[in-house]
Each structure stands twice: as C-alpha cells, then as structure tokens.
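*Asks:* Could you put together the complete structure from these sequences and hints?
First to last, the protein sequences are chains C and G.
Counting with the working numbering, you get residues 1 to 363 for the letters of the first sequence.
Counting with the working numbering, you get residues 1 to 91 for the letters of the second sequence.
Simulated from the structure, these hints should not be mistaken for lab results.
Some hints here could point you the wrong way.
Pairs of lysine to any residue residues, derived as SDA-like cross-links and limited to a Cα-Cα distance of at most 20 Å, are as follows [unchecked claim]:
hint, chain 1, residue 1, chain 2, residue 2
1, G, K25, C, S335
2, G, K25, C, T341
3, G, K25, C, P27
Between beta-carbon pairs, the in silico distance windows are [said to hold, decoys possible]:
hint, chain 1, residue 1, chain 2, residue 2, range
4, G, W35, C, D338, 17 to 23 Å
5, G, L78, C, D124, 40 to 46 Å
6, G, P26, C, P279, 27 to 33 Å
7, G, P26, C, E63, 29 to 35 Å
8, G, G54, C, D58, 28 to 34 Å
9, C, A72, G, A52, 33 to 39 Å
Just so it is clear, the structure is predicted and the values come from calculations on it, not from any experiment.
Each residue gets a CB set at the ideal place from its N, CA and C atoms; glycine is no exception.
Residues per chain, in single letters:
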Amino acid sequence: MTELDIPIGAACRIDAVAPGMTIAEVPVGLDPEGVAVDLGRRRAYVACSRADNVALVDLGTNETVARIPVGAEPIDLVYDPATDRIFTANAHSDSVSAVSAETLEVVATLDVGLYPSGLTADHDARRIYSGNSLGSSMSVIDLDTLETIATVEAEVGAGAIAFDRTRELVICVNFIAASATFIDTKTWTPVGRVEVGVGACAVGIVPELGHAFIVNSLAGTVSRVSLDDVAVLEELTVGRAPVGLTVGPRHDRVYVSNRGSGTLSILGAADGMHWGMIPVGGGPGGIAVDGNRVYVANAGSGTLSIVDDLLAGAPPRPATEPPHPLIGHRLPEFSLVDFRTGERRSSREWAERRYIINFFASW
Amino acid sequence: MRRREEARSGLDVILIDIWEGTDPKPDVDRFCELWGVDSTILLDETAEYAAALGIRGVPTNVLVDADGTIVDVGLVRLDELEAAIDRLVGR
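*Replies:* Here's what the structure looks like:
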C-alpha cells in the first residue's frame, strides 16, 4: 500500500455536506427535558423530569458528576450567571426551585401556577418567566428578590416563553389551546393572540426580523409569526414531531429538536429553509447553544447530546429526511410482554395481516 | 388518532411502549386513561426491539404489509398517516 492508497473508511471519511458533528452523548438520567449551560464553570445542567433532579455535566470530561434533587418533575430550567443560581420549573410541585450553583443546594422554592412547564430568564431585565400549563397563566418573578411581580392570564397549556425587549413584549405559547399570547411588559397584560398549530410547545424570537418561531409538535410544523402584525406568516417544515426550539446566537438560524426523528434541525431564520439535520439521541427535547456548539436533552435515551453545527450558512438545497432503511425489508420478529395480560406475544400472531405498529412513550 | 385509524382502515394497531424506565405500569395506565387507549400495548422495556428497527423517536408509526414487509416508517402527521394507510389498504 502506497502513502496515497488510503482505504476510505468511517474513521477517515470527511463528509463535506455533513451539517454537524457529534462530540459526545452523555448519560444523564430519566427523561431529561431542559438544559442550560454554565460557561464559567464549563458545566451543563439538565432537568431530568422523571428523576426529580438536575444532572450536572462536567463539560471538560463530558460526564455526569452530580445530581441535585429539586421539586417533582422538573421539566425546564435556566441558569442565571449574576446570582449563580439554577432555576427549575417543577411541574408536579407547582413550583420553581432556585438552586445555588456553588453549593448545589436548593436555596428557595417559589409557588407559581399549576403545572409550570416552561421557564425563560431575561437576564438584563432581571426577570424570570414561568409558563403554568394547567393554571393557564404566566408568572413573572424578580430574579434577584425572587418575588412574584405579576401573574398574567394566558391560555390552557401555557408553557414556553420568549421575550423581545425592544418591543416590550413577551410571547407565551399555549400547548393545549394551540395559541400564543402576546403580553405587554409595561402593564403585564395580554395585548394580542394568535392561533398556531396543534401542540405548540416551544418559541424563539429574532427581534431584527420581528418574527417569532413557534414549534407545533402535533402539527409537525414551525410557525413563523409576525410580532408587529400578530399573524402567522408561514408554516415551516422540519423533522417529525418537533418539540424544542432555540435561536442561534447570531440570530441567523433556529435550532429545532425533532422528538419523532431523533434529530436536530437547523432552520434558516430569514429564508425559512431547512438547512440541515443532525442525528442526536432518542426523543430529543430541550436545546441550549454556545457558539456553534449545541446541547440537546434526549428524553428517550436519557442522554445529553453535544454536537457542533458545521454549517457556515445556507446550503444549496434544503435538507430532507432520507427514507427509513428498513422500508421494503421484512419486519424483524418480536416477542414482547403484553402490558395488560403479562403474556408474551409475538409478531407471528399478526402473520398474513396488515397492521400498524405505533412506538410511543407515556411522557 | 390510533382509534380513528383502526376504525377507518380495519387495520390492527399495536402500540409498543418504550423508554419508560423500570416501572412503566403507572405511567402507561395514566396515559391509556388520559387518551382512551384500548388497543394492544406491548412493552419494549429495554428498547432493544425499537433499536433493532432504528427507531430514534416517538411517536413513530411502522406500517406492515400482509407478507411482513415494512412499507412505511415515521408518519407522525395525520395526513401523512392516512395517505400511507390508504396505500397499504389499497394494495
């Protein structure tokens, strides 16, 4: 073999069109949903909703090094560098926990509305917003004093929240109502409403464009919403069952996690084009970004994916999901326990019949 | 959606539960009650079968023809699922 006669294999192949590169997939715990990054300490905090704790991931070693008990079912979380505190929205406790990132102990527990499932911090305005799904409301909390400043009426399924300080506006997305409530931050009153897709559950804002991007998990789309006209401008397509969304730091792209595909989509903010799709762990949800490094909490596989976005800008063509490799092949046989009877059942029972298998999780 | 598709197409719908942890019963019970699920539910507790099929997310639908061939995978949106079922039933 000469120097130039190098076999092309997985270890040395460079895929020029690959939109991303996997850095690590870190086991964190049961049903991780929310993630935040502490750049000073090189840590990620991951809300493990069915473990009732926050996993602390050392980003130097990419290992989970501690678990911090908080309230029941922490779904979302944020980190505030100024107070050095982690805040979690504890859905089943109807509370928000404030945790010292230094001591890793809960320093305060704040009552909010029923079933808080979304949490967003405006660090400059020193506010934290909690979307209370079953309370159909949004709590406004002072980040420093931890006092509740206002409770604003939203709609059923209130959860994900984003803000636009230039327009003095907060958008609260309502999962069950399939709507978004526009809230004036001077008066803390609703000033507008827009209907979006079914299962709306994440939102991000690009103030320069005057647009909000709202993920509709059950409709399988992302709505582009005009903040000035309070209207849906277009529906964008990404992967299957999108649930998480974060705007990139340069505001040129939006990251969307696709729970049904196990992928992270990169969506152009201006052109709305599906730029690329990066494989992550099973059942991905919450997203955090630091530069071109993206952190994705995977509820299904119980992991945190750390990936690098390699796209400098829009690719020549939109990304599409390739057909599943098993299409056209025989279904592998299964032998699984029946949930109701406890008996083992095999695929042979359904031989010579047409049927649908629906893979699901209860969460 | 599951009940509707079962009734509309005459196809059996088999639910396979994955990624629940070590004690799926309480959560799956709640799920069935909430959504009125009465179809067959099988437990893939280790998610090994899902992994063998390359399933990376939920929900994921897999359509199987009478000769055991996989004809479609994915299909989360109702319009996509209905179109795929029509293709399968019309074969």
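*Asks:* In this structure, is the beta-carbon distance linking G/P26 and C/P279 contained in 27 to 33 Å?
*Replies:* Given range 27 to 33 Å: holds, Cβ gap about 32 Å.
*Asks:* Is the distance from the Cβ of G/G54 to the Cβ of C/D58 consistent with 28 to 34 Å?
*Replies:* holds, 31 Å
*Asks:* Quick one, are G/K25 and C/P27 close enough, alpha carbons at most 20 Å?
*Replies:* Since the Cα atoms of G/K25 and C/P27 sit roughly 24 Å apart, the hinted pair is violated (cutoff 20 Å).
*Asks:* Hinted pair, alpha-carbon criterion (20 Å max): G/K25, C/S335. Please report holds or violated.
*Replies:* The given pair, whose Cα atoms are some 19 Å apart, holds under the 20 Å limit.
*Asks:* Against the range 29 to 35 Å, how does the distance between the Cβ atoms of G/P26 and C/E63 compare: consistent or not?
*Replies:* With a Cβ separation near 31 Å, G/P26 and C/E63 satisfy 29 to 35 Å, so the hint holds.
*Asks:* Is it true that the C-beta distance of C/A72 to G/A52 lies inside 33 to 39 Å, as the hint says?
*Replies:* Given range 33 to 39 Å: holds, Cβ gap about 34 Å.
*Asks:* Honestly, do G/W35 and C/D338 meet the 17 to 23 Å range at C-beta?
*Replies:* holds, 18 Å
*Asks:* Is G/K25 within 20 Å of C/T341, Cα to Cα?
*Replies:* holds, 12 Å
*Asks:* Is it true that the C-beta distance of G/L78 to C/D124 lies inside 40 to 46 Å, as the hint says?
*Replies:* Cβ of G/L78 to Cβ of C/D124: about 42 Å, so the range 40 to 46 Å holds.
In this structure, only the earlier hint numbered 3 is contradicted, and the remaining ones agree with it.
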